[in-house]
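Asks: Sequence:
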Amino acid sequence: MLLERNKISEQIRKFDAYPKTLEDFRVKTFAGAAVTVVSAVIITLLFISELNYYLTAEVTEELFVDVSRSEKLRINIDVTFPNVMCDFLSIDAMDVSGESQINLEHNIYKRKLDQSGRPLEKPEKERKSWII
1 MLLERNKISE QIRKFDAYPK TLEDFRVKTF AGAAVTVVSA VIITLLFISE LNYYLTAEVT
61 EELFVDVSRS EKLRINIDVT FPNVMCDFLS IDAMDVSGES QINLEHNIYK RKLDQSGRPL
121 EKPEKERKSW II
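Using the numbering used here, the first residue of the sequence shown is number 1, and each one after it goes up by one.
Just so you know, the hints here were simulated from the structure itself, not pulled from any lab data.
Small disclaimer: the values here were computed from a predicted structure and weren't measured.
Misleading hints may appear alongside valid ones.
Claimed, not checked - Pairs of lysine to aspartate or glutamate, EDC-like flavour, derived with a Cα cap of 16 Å:
1) 112 / 61
2) 110 / 95
3) 122 / 61
4) 110 / 78
5) 125 / 78
To be verified - Using C-beta positions, here's what the derived DEER-type ranges look like:
6) 55 / 104: 30 to 38 Å
7) 64 / 15: 52 to 60 Å
8) 50 / 107: 52 to 60 Å
9) 101 / 122: 24 to 32 Å
10) 41 / 67: 51 to 59 Å
11) 15 / 54: 34 to 42 Å
12) 102 / 122: 21 to 29 Å
For each residue, glycine too, the CB sits at the ideal point set by N, CA and C.
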């Protein structure tokens, strides 16, 4: 069994791409030491550089013109105000840029309610009332 293990071990060792040389064949030179030191310094600098790049947050400033400003956003709301007459109610809107629209009247439907909140009539579209 031990002999069989040694044979398998020998077969596996044949695949070693970097076999060790005997001590007699090893020669340490100044050039080899210089290459080793320079390589170690370069590897260390590259590692520190990459670590710094990884840990630093990248800030990207971007300024662009919103070309979709003229598009309308459809908003559906259903709000009940008991004890307030429809004539006293209006809708004002303001977008993110601060542009405000006062007293919106298009596509607004109002419905009269009784004291218990039940509708008295069908909703009717808000009419523009111009005062001269």
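Asks: Are the hints correct? Go through all of them and say.
Replies: Against the structure, the hints:
The straight-line distance between the Cα atoms of residue 112 and residue 61 is roughly 52 Å, outside the 16 Å bound, and the hint therefore fails. With a CA separation close to 24 Å, the supplied pair residue 110 and residue 95 exceeds the 16 Å bound. For the hint pairing residue 122 with residue 61, the CA-to-CA distance comes to about 53 Å; that exceeds 16 Å, so the pair is violated. In summary, the hint linking residue 110 to residue 78 is supported, as the alpha carbons are separated by about 10 Å, within the 16 Å threshold.
For the hint pairing residue 125 with residue 78, the CA-to-CA distance comes to about 14 Å; that is within 16 Å, so the pair holds. Between residue 55 and residue 104 the beta carbon distance is about 51 Å. The supplied range of 30 to 38 Å is therefore violated. A beta carbon spacing of about 59 Å between residue 64 and residue 15 agrees with the range 52 to 60 Å that was offered as a hint. Against the hinted window of 52 to 60 Å, the Cβ-Cβ separation of residue 50 and residue 107 comes to about 58 Å, which satisfies the hint.
As the Cβ distance of residue 101 to residue 122 is approximately 27 Å, the hint placing it in 24 to 32 Å holds. Take residue 41 and residue 67: their Cβ atoms lie about 53 Å apart, and the range 51 to 59 Å holds. Range check, residue 15 to residue 54: Cβ separation about 36 Å, and the 34 to 42 Å hint holds. Take residue 102 and residue 122: their Cβ atoms lie about 28 Å apart, and the range 21 to 29 Å holds.
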